[in-house]
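A.B. asks: Chain residues, written in single-letter form:
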Amino acid sequence: MSSLPTPKNREAIFTDRLSARKRRGMIFRNVCLAMTIFGVLSLGALLYDTIGSAFTWAAVEEREVRGRVQPNVVQTWSLWEGIYNRDELQRLTAENYPEAEFRFFSWVNINFLTNFPSRFPELSGFRSPLIGSLMVIGITALLSFPIGTGAAIFLEEYGTKGWISRIIETNIANLAGVPSIIYGLLGLTIFVRGAGGLTGGQTVLAGAFTMTLLSLPIIIVAARESIRAVPPSQRQAALALGATRWETTYSHVLPSALPGILTGTILAMSRAIGETAPLITIGALTYVAFDPSGARDIFTVMPIQIFNWVTLPQATFHNLASAGIVVLLSILLTMNGIAIVIRRKTERTW
Amino acid sequence: MAQRSLRPEMRRAAKEAPVGDAIMSARDLSVHYGAFQAVRDVNLSFYENRITALIGPSGCGKSTVLRCMNRMNDLIPIARVSGEVLYHNHNIYGPNIDPVEVRRRIGMVFQKPNPFPKSIYDNVAWGAKINGYRGSMDDLVERSLTQAALWNEVKDKLKDSGLSLSGGQQQRLCIARAIAIQPDVILMDEPASALDPISTLKIEDLMQELTRNYTIVIVTHNMQQAARSSDFTAYFSVGEDRAGYLVEYGPTHEVFTNPKDPKTEDYITGRVG
Ligand SMILES: Nc1ncnc2c1ncn2[C@@H]1O[C@H](COP(=O)(O)OP(=O)(O)O)[C@@H](O)[C@H]1O
Ligand SMILES: [Mg+2]
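In the order they appear, the protein sequences are chains A and B. When we follow my numbering, the leftmost residue of the first sequence carries the number 1, and every step to the right adds one. When we follow my numbering, the leftmost residue of the second sequence carries the number 1001, and every step to the right adds one.
A couple of the hints might just be wrong.
Unchecked claim - Derived Cβ-Cβ restraints for the label pairs, each shown as a range:
| # | chain 1 | residue 1 | chain 2 | residue 2 | range |
| --- | --- | --- | --- | --- | --- |
| 1 | B | T1269 | A | G25 | 55 to 61 Å |
| 2 | B | R1228 | A | P146 | 49 to 55 Å |
| 3 | A | R245 | B | M1137 | 22 to 28 Å |
| 4 | A | W246 | B | G1239 | 38 to 44 Å |
| 5 | B | D1074 | A | V40 | 51 to 57 Å |
| 6 | B | S1161 | A | P146 | 25 to 31 Å |
| 7 | A | G25 | B | E1240 | 52 to 58 Å |
| 8 | B | G1239 | A | T15 | 55 to 61 Å |
| 9 | A | T15 | B | D1241 | 44 to 50 Å |
| 10 | B | E1084 | A | Y158 | 25 to 31 Å |
| 11 | B | N1152 | A | W246 | 33 to 39 Å |
| 12 | B | K1157 | A | P146 | 35 to 41 Å |
| 13 | B | K1157 | A | R245 | 30 to 36 Å |
| 14 | B | N1152 | A | R343 | 51 to 57 Å |
Said to hold, decoys possible - Every beta carbon over 12 Å from chain B, so not counted as near; a handful from chain A, in silico:
| # | residue |
| --- | --- |
| 15 | N9 |
| 16 | S19 |
| 17 | N85 |
| 18 | L123 |
| 19 | L155 |
| 20 | G201 |
| 21 | V221 |
| 22 | Y287 |
| 23 | F290 |
| 24 | V326 |
| 25 | A339 |
| 26 | V341 |
These are calculated hints, taken from the structure and not from any lab test. Virtual Cβ for every residue (Gly too), placed ideally from N, Cα, C.
One chain only, chain A, in its complex shape (with noise of 0.2 Å):
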């Protein structure tokens, strides 16, 4: 006797349920949609916020500054709030200040890009964060790719698979979720303190070496993935032709793997460019009016430039600083794209 309950009525037996079960399937794709709802409109909100203060409409008037001729921004509105309502924003414009004119004003500008920031809104550029920033990531990327796929490589080919190994295995899966600002706190006392020597203090060497303390641990736990998603079968078939271990690694295991390690390595990349915490603890700067002469001089990064304008109490430094993350936005934007096109290149079906 089947203990599975049949309708009675033998024609019913593929539309009897039907309603109920579409019933229900339809309200659990309607709790998703909604969840997926809240999360694409935090997301526009924020977007939608940043843009409309870093592209604006504003009354700008002339005014010299050390000798030259240069706008000055008496007020400004948001992007959205000029397309819906000009005619008014122009109109106040020529009441309150006849001097100004009324234009759009993006704050993402070459002058932006290119000045040092600066107590005039207008003339106040991203240079110096911006050059610190690519300092420290580059110099990070350099150091902590070879590093975290060495000690993947170790891990993964070479580690035996007793009890120190699942030790170490386990505490680094547990540093990757370290809050940043301890590494920060360790950066210090190592880099600025301990080899204050070597790194020259409070430079970019120690922020870079600080930052690689952070990303190891996220680049070795993808890296360790992608190599062990290398089939054994690959390695069996290298060692079979009397390659060595090594051989093996280099030739087969790790051209397979690299796509993974660079993919994780990129994203390691775009968390360590936006943290903030850590590199204030090892005494980044928060003004910078010159280029670092090399990666032991003093540095400001991008998010700490922003936090700075956005403590200021003028409205116009708020747009600087939503410029500032527009800038920062589209190089997280490129570096994550890159690691989506390298994905999507190296796709392998074995």
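Got chain A; can you put chain B with the ligands on it based on the hints?
C.D. replies: Then chain B with the ligands, alone, in the frame of chain A:
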């Protein structure tokens, strides 16, 4: 490599000639995986330019014995080998033996085709390159692919990925890869079990060709295949203690037509396994 290749008509003569010395032998070979004994006291010899088939029910340790022959068992951390495996009278499990050098001389073809995700050309060339081959790589690749009966099918697309080939072609590519480093012995673990019947026959024909230059040991669960293509057959079974052991070993026609052990007869006639 010394030019050992004989013309086809000479090969038959060679086969009918008395069997020479064993190129490899196992002496009291036992294998444990952790505490579990998988193979017990195997004594067995492989003869030059002959095909030896290892048959028996699954789990009786055929693959384990095969992996002992070129120290691929070293890759399994819990595997422990005792006894001797002699290759030209060297015990390959002796002290100071370099397993890399062992595998260079005793090649292996696996059950599932596993070409590298590289071009067909590089699949064949890589092993020779790392083993320090000096000479025309193009010639070597052509020769190896020809010996593996694959040249005509791939000569116009050597730059294509090895993974773009069919299963049977991939397996022949793996054979070409194995012979490109000019080993003495080729171990094959059920090389045709993942293939269709046509590809299987191609592999069997290919094995016959290869005996001109190589000694072949093949694990197979296909009784016809063993009967058709091997010169010697070793029948393994599983004992009471679940350890595999060698029941009977001899020339294939004797094992199949006149087995000494009733267990062999039961297996061959399909009453067991
Ligand atoms: N890597 C391994 N770890 C543990 N046990 C294994 C391993 N490989 C094989 N065995 C065991 O050894 C025995 C023989 O296996 P195998 O040599 O693969 O047999 P066959 O190839 O004849 O089917 C089986 O009981 C199997 O479970
Ligand atoms: Mg097997």
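A.B. asks: Each hint needs a verdict: does it hold in this structure or not?
C.D. replies: Against the structure, the hints:
One distance hint, 55 to 61 Å for the beta-carbon pair T1269 (chain B) and G25 (chain A), holds here, with the actual separation near 56 Å. Remark: the range hint 49 to 55 Å for R1228 (chain B) to P146 (chain A) is upheld by a beta-carbon distance near 54 Å. Between R245 (chain A) and M1137 (chain B) the beta carbon distance is about 24 Å. The supplied range of 22 to 28 Å therefore holds. At about 41 Å, the CB distance of W246 (chain A) to G1239 (chain B) agrees with the hint of 38 to 44 Å.
Our hint of 51 to 57 Å for D1074 (chain B) and V40 (chain A) holds, since their Cβ atoms are close to 54 Å apart. Checked against the given bound of 25 to 31 Å, the beta carbons of S1161 (chain B) and P146 (chain A), roughly 28 Å apart, stay inside it. Take G25 (chain A) and E1240 (chain B): their Cβ atoms lie about 56 Å apart, and the range 52 to 58 Å holds. Between G1239 (chain B) and T15 (chain A) the beta carbons are some 59 Å apart, a value that agrees with the proposed interval 55 to 61 Å.
The beta-carbon spacing between T15 (chain A) and D1241 (chain B), approximately 59 Å, falls outside the hinted interval of 44 to 50 Å. Taking 25 to 31 Å as the suggested C-beta distance range, the pair E1084 (chain B) and Y158 (chain A) conforms, at roughly 29 Å. Here the CB-CB span from N1152 (chain B) to W246 (chain A) is close to 36 Å, well matched to the stated 33 to 39 Å. K1157 (chain B) and P146 (chain A) have their C-beta atoms about 36 Å apart, which keeps the hinted 35 to 41 Å range intact.
The hinted range of 30 to 36 Å is satisfied by K1157 (chain B) and R245 (chain A), whose Cβ atoms lie roughly 32 Å apart. At roughly 37 Å, the beta carbons of N1152 (chain B) and R343 (chain A) sit outside the given window of 51 to 57 Å. For N9 (chain A), the non-interface assignment is confirmed: its Cβ lies about 48 Å from the closest Cβ of chain B, beyond the 12 Å cut-off. Under the 12 Å C-beta cut-off, the non-interface status given to S19 (chain A) relative to chain B holds; the minimum distance is some 47 Å.
Non-interface call for N85 (chain A) relative to chain B: holds, since the shortest CB-CB distance, roughly 59 Å, exceeds 12 Å. Distance to chain B confirms L123 (chain A) as a non-interface residue, since its nearest Cβ pair spans about 55 Å, more than 12 Å. For L155 (chain A), the requirement that its beta carbon stay farther than 12 Å from each beta carbon of chain B is met, with the minimum near 15 Å. Non-interface status of G201 (chain A) relative to chain B is upheld: no Cβ of that chain comes within 12 Å, the nearest being about 48 Å off.
Here V221 (chain A) stays apart from chain B, with its beta-carbon at least about 23 Å from theirs, past the 12 Å limit. Listed as outside the interface, Y287 (chain A) is consistent with that label: its C-beta sits roughly 52 Å from the nearest C-beta of chain B, beyond the 12 Å cut-off. The non-interface label for F290 (chain A) is consistent with chain B: the shortest C-beta to C-beta separation is roughly 50 Å, beyond 12 Å. With a cut of 12 Å on Cβ distances, V326 (chain A) stays outside the contact zone with chain B, its closest approach being about 41 Å.
For A339 (chain A), the requirement that its beta carbon stay farther than 12 Å from each beta carbon of chain B is met, with the minimum near 21 Å. No beta-carbon of chain B comes within 12 Å of the beta-carbon of V341 (chain A); the shortest separation is about 19 Å.
Checked against the numbered hints above, the structure breaks hints 9 and 14 and satisfies the rest.
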